[in-house]
Amino acid sequence: MFARDEKVSAIRLTAAQYAILAIFLILAYGLWRLQVMESDYYSLAAEKNRIRNVPVLAPRGKILDRNGRTIVDNYPSFSALLLRDSSRDLAADADLIGEGLHLDPNEVRARIRHFASMPQYEPIFLKEDITPDELAFIESHKNELPELDTIMVHRRLYPRNGFMAHLIGYVGEVSEDMLNQPQFELYNQGDIVGISGVERQYNAVLMGTNGSRQALVDSHGREVGRLGETDAIPGKPLKLTLDIDLQIAAEEALEGKNGAIVAMDPRTGEILAMVSRPTFDPNDFAVRVSREEWNKLVNDPDKPLLNKAIQAQLAPGSTFKIIMATAGLQEGIAQDMHVVCNGGAEFYGRYFQCWIKERHRVHGVVDITKGIYQSCDVFFYTLAEKLGIDRIAKYATMLGLGQKTGIDLPNEVSGVVPSEEWKIRNFKEKWFAGETISVGIGQGAVAVTPIQLARAIGGIASGGMLVRPHVVFPSDLPPNLTPASDTQDKVQVPLDAKNWQIITDAMADVTSPVVVDATGQTWSGTAGAAHLQGIDFAGKTGTAQTISGAAKAKLTNGKARFKNNAWFVGVSPRRNPEIVVVVLWESGEEGPLAARVAAQVIKAYVDKERSLPPKMADKPKPEGKVDVGAVWTEPDSDGGKDKLQGGHFLLDVGKSRVPLATAAPGIN
Amino acid sequence: MSRYVSFRDFDWVLLGFVLLICGLGVMEIHSATLHTKFAGSDVKQIYWILGGVGAMFLMSLVNYQALLERIHWFYIAGVASLMGVLVFGTKALGAKRWIKMPGGNHFQPSEWVKLILILAVARYFAEMRSRELSWSDFMKAGAIVGIPMLLVLKQPDLGTALTYLPIAAMGMFLGGLQWRQGLSVFLVAVIGISVVLYVPAISHHVLKGYQKQRLASYENPDLDPQGSGYQVKQSMIAVGSGGIWGGKGSQTHGAFLPIPQTDFIFAAFSEEHGFVGALGVLLLYFIVLMRLTQNAQTAPDRAGTFVVMGVVAVLSFHILVNVGMVVGFMPVTGIPLPLMSYGGSSVLFMFLALGMVMNVRMRRFVN
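In the order they appear, the protein sequences are chains A and B.
The first sequence begins at 1 in our numbering and counts up by one.
The second sequence begins at 1001 in our numbering and counts up by one.
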């Protein structure tokens, strides 16, 4: 045993000191590693930790009519957001979230997965336009579900009842396909962009740029301060060339019918009205359209989503005779051509009937003028035979048929101008001479869109000056947004003054109830019933068979889809017109009926020009209720800060509003 | 035996450095809790420190040799109190560690058992009969520390239980541990830990759920971003973003660093004062430890040396594990940083331990 005062081994004590030194060197290295070597990395991590980007949504620009009246506005609504940087198990919360927001939890989970590849700080939009009780759910579950947040967004308020729906289009979440297109490549998933119509065409003007607020957040995702804010740049308002008054007249004129109306100023190409029927309510699309609803719209045989003014390509029927007349006169054939109409004639071994034969009458001797106002088929069969398909095709192409007009709307179609070369290219078949005869009266393979007819016939009435139709004033657009188009803004087609006069006078006779022909016989224009007293109104009717007469006879059950399409192209005044109106009435049977529809629009235009209140606007209509969204603040019952509330109201609108456009503020 | 005892021999230099560290701790607690529900912790900490300093003076007056002579009673009382915790303790955060005291305070017996163990180990090795540690001494010393350790593990409080180990280790090392013994302990420890960690059947029985989670998230912090792996990750971000000169402390003030006034106080300090500040604090601790070792060398007897070195062992171990955790070298164990972390038990223990060191020092001039 050694004494109590025997010292502990000095070597071991020193060893212990070195061990402590070693520990401290290791720890100092740990600090060096984090604070000196990798300091930048951790500083960045700290930044990410505390800064959260909260988007500040830019409101879309309003859409206005040519007089600055609002057509499409925004209204504030709340959207439910899912913040993913609060490091919670979102999939586990999906059930509660689904319950509170009336969503399918699996859909919530699917949405979280769908957006998994996006940066964490970008929130997911869960539900748009939430109801007040859903808003209350989010407010009251701030602690249980800190990842849920709301954001006030400006939602599109479109006119009700599908007013101007095709032209305006609608907005929606940018789709996967669209993101792959160069036009949309700068957008992000979840962005609301224009899907169709003007909303799509001028999305870049209307959309604006979202801002963001850099919020300082703590580890619970609570905002504890603000670092900075990039202001949202609101979308710019877009003024259309459209006139709401005329649009209303056109919408009313086509109400209950299928088809399209285009009204254009042929001097400039400004579209004044554009209607397509049946229509749809774009407000249904502004949130998220259900698959069921969408399928219904897509599979509807009447194609409500199609803007028929630019997307329906149909046989023009007799309206094509104006193009034929132009070709015949310019080629020097039609001036002195006199044809005897006995209700039909034989060409290339086949008998071609004139429409008048169904009335058990004949046209007798027909010249170019009578050929137009009486729409004599035999005259134009003969003219077609003399011109031949290639000359017809040359003039039709020169007048803009078979090609896009270059209107500033998406998905315009080009129609068809048949020719020998066209037939070989598409059918690997030789052109039959008999086909030329059908083309002469706008049947057969020839197919046009209403907008093409407006441009062509409006151009002929303007002395051959064809304009590019457009719905937005080009001068209003920033230079980089001028639509790229193959078509020139103005094209002068050669048309001799004398020929111009012949055609336009004959077109004026179309709407005359009484016309006397060269033999002194009294006739009536095919659209004589659409005559407008005191208005220089000219035009051309068309009744286009959707199926050949022979086939129709076999299928005598008279289904609507085999009914003839009625056309009318009207101008006012007859030369250098201020307005050209094209009416397509699908299954309208008779061109003259379409003429009355066009006359309504022309009259509304002229009446307005003459400073008379438009007749259509003061038609008494039953008052309706308008759904209006609103937000307001209310002091908290605990005396705390003001609470934001949101909801909808049904507002009674007076009779002064036109029901077709009640939802669009500014329409009186 | 008469001894000359005077406060002139009190280690004022050591106390100065200790209070400097405490001051930095209070400063950081103030800064870290300023706008939280823990605001005011800094003032409470000052009271604890003042109480601790008082306790230290009292402790230094009681002759440590008298304490050593009665250590078996203290030891029995300590083990009994640990058993008491298991029976009567207050359950908090899934573990029974505290006994509720009249007056609303909670008392954590495992802290003062540390003091008893330092004395018990010191007594044992001071009276050992040979220069070299025999296997039976080895086992007995192991049992002295092992019994309370098992009781604390049972609470469960792995962190505190681990802090008992360095007391035994330091005692054995200074008491003449042979290299064969050291090696075998090392091997047994390595094999034991590996079995517990990596044989699922055993770890299932031995480790508690939260312990497994802590270990798993130490290995892969992204597994559980809100759990302990998240804490270490946030701690590393805090330390790293401090850079060389320190920053504004967004990690601490944004509550990304969980409860920064206790176990992660060093992370909070490093974030606000940077590499320079953190290294300065480490240097202060190093000075304190070297000063303590020096006191151990000048102790009047073997027991004194063992007492002081026991304190050195506990303090070093705390610093190693805590700072190691903060810089991401070690998993979360719930061991506070002595003198800086907020908490009464921890502060009192440190000052009582220092009191014992003073006690030894004041009696260094044995006649």
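The reader is advised that the hints may include incorrect statements.
[What the hints assert, rightly or not] Residues from chain B that keep clear of chain A, each with C-beta distances beyond 12 Å, as calculated: (1) Phe1010; (2) Leu1024; (3) Tyr1047; (4) Val1062; (5) Phe1074; (6) Ser1081; (7) Lys1140; (8) Leu1153; (9) Leu1174; (10) Arg1180; (11) Leu1197; (12) Val1239; (13) Gly1249; (14) Gln1294; (15) Ala1303; (16) Gly1334.
[As the list claims (entries may be wrong)] Just the calculated beta-carbon pair ranges, DEER-fashion: (17) A:Tyr18 / B:Trp1012: 50 to 58 Å; (18) B:Gly1182 / A:Gly228: 42 to 50 Å; (19) A:Thr14 / B:Arg1364: 17 to 25 Å; (20) B:Ile1193 / A:Leu44: 31 to 39 Å; (21) B:Glu1069 / A:Thr14: 28 to 36 Å; (22) B:Val1190 / A:Lys142: 43 to 51 Å; (23) B:Tyr1198 / A:Glu38: 42 to 50 Å.
Hints are computed from structural coordinates only; laboratory data are not their basis.
Every residue, glycine too, gets a C-beta built ideally from N, C-alpha and C.
Cross-check of the supplied hints:
The claim that B:Phe1010 lies off the interface holds: its Cβ sits roughly 22 Å from the closest Cβ of chain A, which is beyond the 12 Å cut-off. Listed as outside the interface, B:Leu1024 is consistent with that label: its C-beta sits roughly 15 Å from the nearest C-beta of chain A, beyond the 12 Å cut-off. At roughly 29 Å from the closest C-beta of chain A, the C-beta of B:Tyr1047 stays outside 12 Å, upholding its exclusion from the interface. Residue-level check passed: B:Val1062 sits 19 Å from the nearest beta carbon of chain A, beyond 12 Å.
With a least CB separation of 20 Å from chain A, B:Phe1074 remains clear of the 12 Å interface cut-off, as annotated. Remark: the non-interface label on B:Ser1081 is consistent with the geometry, its nearest Cβ contact in chain A lying 30 Å away (cut-off 12 Å). Distance to chain A confirms B:Lys1140 as a non-interface residue, since its nearest Cβ pair spans about 16 Å, more than 12 Å. At the 12 Å boundary, the C-beta of B:Leu1153 stays outside the reach of chain A, the nearest C-beta of that chain being 24 Å off.
A beta-carbon of chain A is positioned within 12 Å of the beta-carbon of B:Leu1174; the least distance is around 5 Å. The non-interface label for B:Arg1180 is consistent with chain A: the shortest C-beta to C-beta separation is roughly 16 Å, beyond 12 Å. For B:Leu1197, the non-interface assignment is confirmed: its Cβ lies about 22 Å from the closest Cβ of chain A, beyond the 12 Å cut-off. Distance check on B:Val1239: its Cβ comes as close as 5 Å (rounded) to a Cβ of chain A, failing to clear the 12 Å threshold; non-interface status is violated.
Non-interface call for B:Gly1249 relative to chain A: violated, since the shortest CB-CB distance, roughly 10 Å, does not exceed 12 Å. Once the 12 Å rule is applied to beta carbons, B:Gln1294 is inconsistent with being away from chain A; the minimum gap is 9 Å. Not every CB of chain A lies more than 12 Å from the CB of B:Ala1303, the least distance being 7 Å, so the non-interface label is violated. Distance check on B:Gly1334: its Cβ is at least 18 Å (rounded) from any Cβ of chain A, clearing the 12 Å threshold; non-interface status holds.
One distance hint, 50 to 58 Å for the beta-carbon pair A:Tyr18 and B:Trp1012, is violated here, with the actual separation near 27 Å. A hinted range of 42 to 50 Å is violated for the C-beta pair B:Gly1182 and A:Gly228, which are about 60 Å apart. A:Thr14 and B:Arg1364 have their C-beta atoms about 19 Å apart, which keeps the hinted 17 to 25 Å range intact. Taken as a hint, the range 31 to 39 Å holds for the pair B:Ile1193 and A:Leu44, whose Cβ atoms sit roughly 35 Å apart.
In this structure the supplied range 28 to 36 Å holds for B:Glu1069 paired with A:Thr14, their Cβ-Cβ distance being about 30 Å. Distance hint for B:Val1190 and A:Lys142: a CB-CB separation of about 49 Å, consistent with the stated range 43 to 51 Å. Checked against the hint of 42 to 50 Å, the pair B:Tyr1198 and A:Glu38 fails, with Cβ atoms roughly 29 Å apart.
Hints 9, 12, 13, 14, 15, 17, 18 and 23 from the earlier list are contradicted by this structure; the remaining hints agree with it.
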